[in-house]
Amino acid sequence: MAWRNVWRSPTRSWVVISAIALGIWAALSLTGFATGMMKSYVNSAIENSVGHLQIHAPGFTEEYDLKYQLPPAPALEEQLKALPQLQAYSMRTVVSGMASSSQGVRGVVVKGVVPGQEATVSAIKEKLVEGEFFPEMRGNAVLVGQELAEKLNLRLRSKLVLTFQGLDREITAAAFRVVGIFDTGNTPFDGGTVFVERQDLNRLIIPQTDTTTVPSDLVYEAALLLQDVDQVDTAAALLQRALPEEEVKTYREVSPDLELYESQIKNVSMIYLVVILLALVFGIINTMLMAVLERIKELGMLMAIGMNKLRVFSMIVLETIMLGVVATPIGLLLGYLTINYVRENGINMSAYSEGMASYGLSQVIYFDIEPGVYTEMAIGVFLTAILAAIYPALKAIRLKPVDALHSF
Amino acid sequence: MAVITTKGVEKVYNPNKIPVKALKGVDLEIEAGEFTAIVGPSGSGKTTLLNIIGGLDRPTAGYVEVGGEDIAKMSDNELIDFRKQHIGFVFQAYNLIPVLTARENVEFVMLLQKRSKSERHARADELLEAVGLQDKVNKRPAELSGGQQQRVAVARALAPKPTFILADEPTANLDSESTSNLLDIMARLNQEEGITFVFSTHDQRVIDRARRVVTLVDGKVDKDVRQ
Chain A
1 MAWRNVWRSP
11 TRSWVVISAI
21 ALGIWAALSL
31 TGFATGMMKS
41 YVNSAIENSV
51 GHLQIHAPGF
61 TEEYDLKYQL
71 PPAPALEEQL
81 KALPQLQAYS
91 MRTVVSGMAS
101 SSQGVRGVVV
111 KGVVPGQEAT
121 VSAIKEKLVE
131 GEFFPEMRGN
141 AVLVGQELAE
151 KLNLRLRSKL
161 VLTFQGLDRE
171 ITAAAFRVVG
181 IFDTGNTPFD
191 GGTVFVERQD
201 LNRLIIPQTD
211 TTTVPSDLVY
221 EAALLLQDVD
231 QVDTAAALLQ
241 RALPEEEVKT
251 YREVSPDLEL
261 YESQIKNVSM
271 IYLVVILLAL
281 VFGIINTMLM
291 AVLERIKELG
301 MLMAIGMNKL
311 RVFSMIVLET
321 IMLGVVATPI
331 GLLLGYLTIN
341 YVRENGINMS
351 AYSEGMASYG
361 LSQVIYFDIE
371 PGVYTEMAIG
381 VFLTAILAAI
391 YPALKAIRLK
401 PVDALHSF
Chain B
1001 MAVITTKGVE
1011 KVYNPNKIPV
1021 KALKGVDLEI
1031 EAGEFTAIVG
1041 PSGSGKTTLL
1051 NIIGGLDRPT
1061 AGYVEVGGED
1071 IAKMSDNELI
1081 DFRKQHIGFV
1091 FQAYNLIPVL
1101 TARENVEFVM
1111 LLQKRSKSER
1121 HARADELLEA
1131 VGLQDKVNKR
1141 PAELSGGQQQ
1151 RVAVARALAP
1161 KPTFILADEP
1171 TANLDSESTS
1181 NLLDIMARLN
1191 QEEGITFVFS
1201 THDQRVIDRA
1211 RRVVTLVDGK
1221 VDKDVRQ
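Taken in order, these protein sequences are the chains called A and B.
The numbering of the first sequence is the numbering used here, which starts it at 1 and goes up by one.
The numbering of the second sequence is the numbering used here, which starts it at 1001 and goes up by one.
Source of the hints: derived by calculation from the structure; they are not laboratory data.
Any given hint might turn out to be false.
Below, simulated EDC-like cross-link-like pairs (lysine to aspartate or glutamate); rule was C-alpha separation at most 16 Å, straight line [unchecked claim]: (1) K1223/B to E1029/B; (2) K309/A to E1078/B; (3) K400/A to E1104/B; (4) K151/A to E126/A; (5) K1007/B to E1078/B; (6) K309/A to E1069/B; (7) K1114/B to E1104/B; (8) K1024/B to D1175/B; (9) K39/A to E245/A; (10) K81/A to E63/A; (11) K309/A to D1203/B; (12) K39/A to E262/A; (13) K266/A to D368/A; (14) K67/A to D233/A; (15) K400/A to D1222/B; (16) K400/A to E1069/B; (17) K67/A to E262/A; (18) K67/A to E77/A.
Per label pair, the in silico range of CB-to-CB distance [as the list claims (entries may be wrong)]: (19) K1161/B to G372/A: 52 to 60 Å; (20) Q1113/B to Y336/A: 53 to 61 Å; (21) G283/A to H1121/B: 39 to 47 Å; (22) A279/A to D1076/B: 29 to 37 Å; (23) I1018/B to Y391/A: 45 to 53 Å; (24) D1081/B to R398/A: 30 to 38 Å; (25) D228/A to K1117/B: 19 to 27 Å; (26) A1172/B to Y391/A: 17 to 25 Å; (27) L383/A to Q1191/B: 32 to 40 Å.
Here chain B is said to cover these stretches of chain A; the calculated rule only asks that three of the stretch's residues, wherever they fall, bring their Cβ under 8 Å from a Cβ of chain B [said to hold, decoys possible]: (28) 62-72; (29) 379-390.
Fair warning: this is a prediction, and the values are worked out from it, not measured in the lab.
We put the CB at the ideal spot given by N, CA and C, even for glycine.
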């Protein structure tokens, strides 16, 4: 009887069903957008240089003091290769310094890399917009970000002087030739990071009086890419046991903002869902209240002939749930199709790209969603329907049959 | 044996504001198998009396016994259950459930009584045949005439085998032919099956067919005539 009552007024029922379905679609799309944006941000950070795991000597990341060295490269490499989850690694020297051209000076982080290793871990090689990724050449090569190039008026073959402290804490400066310009879409990164060859950097930081330190052995940072990002905690634990005196950190620990971002996205999705469902609650209450008020005489008759209050209450609640049962698959399907389409094709946000790049977000956002969100949505709608049904159902059972029967 | 007994039944509406005394002490006994019409001018209290007898309303004072039970003291839920088991209602406006077919309407109270499907089907078909609607079992109320709907309502009222049927102006919305058909059916059921009928009515045709006529005036029994 509840099912048939739903279809007494098909137009009204379809309006409510459409509202619920569109609400679900909107909540799913917003969640897909937010999750896609988060993953874009996190992946961008991982791709650009963070990797899934990083290893440093304790104390290094506080001040980039060169006295905090990792074990020599060959020994370290052996430990890394023993990790079962490993996909690729890059062993780097990292110093903070200044970059200066004829047009100005900027604070930068200088990353000395082994080109072959770096290309397997970060996406810098793919993000080059001009030049080459460390071609064979005489002299010191440097890759700069598009942002830095614009600020210091650098082009390919431009000279850039990098100044930094050496192992002996003396200031060292050296001229580098710009061989490539990259654009990761992350403005702060592009404006504050340069890449040089590790052997070139190590030669510069080792004092000339030091004849024992082998330049190729010096490593300050190892960035690792794993086969599966979900293995990151397990791999970190394994590596920490293998290197008890070093600091092994996951990408969340290296960049706490990534962890914050990840956790906030879940909260944000929940907020979208709650707000949309709250709006739906009032729409459903309105519809069901109308459905009860226009059936006062009939409800009075039902109670007169013996339908008890629990049954009347259940009937109203059931009618409301049925509206949700029809609407939910429609909304979920619309959401699923939208997310899948945008997951493949992306949404071009280039109209907002400048603002987004300054936050480390890419121009094209690809929707993404955890499968569990669909279930959460369905449960949310079910609970919303029950909540919305309570007031109209209470109104129905508070009717006195004698008054209801004689109403107009 | 009396199926309905009222003693000193009073009903006052709006007792705290402007009190209106609809019933001023009604004493009445209706025996099993009676075909009784309660008549009176508008405002005489007949609908109020019917509501009280039917357990839809409670008296302000007095005693009401139906089927041997004091219904004036029952709670709302107890009254709902009591009506389901003992009282069949026929309303002026038919009041069929519009989304159910004729057969489903007749089965409805038996469904509430948790009778089996086969029992409900058999009884519904039997009653619809008794009221001459055996070929309309799958029609919804909107597909039936006023007279046909009222006959379905009578079948529905009879379905749970109640102690008595209460009919409030059952012919008010019917034409003469439908009225005549309905009264024939009710009279036959009363005579052949011994079903007790209590009507509230203005309709002279109903009054003429009743075997007992109780006249209410100003909330009291003025006349009680067996015809």
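> Are there hints from earlier that the structure breaks, and if so, what are their numbers?
Replying inline: Hints 3, 4, 5, 6, 8, 9, 10, 11, 14, 15, 16, 17, 18, 20, 23, 24, 25, 26, 27, 28, 29 are the ones this structure does not satisfy, whereas the remaining hints hold.
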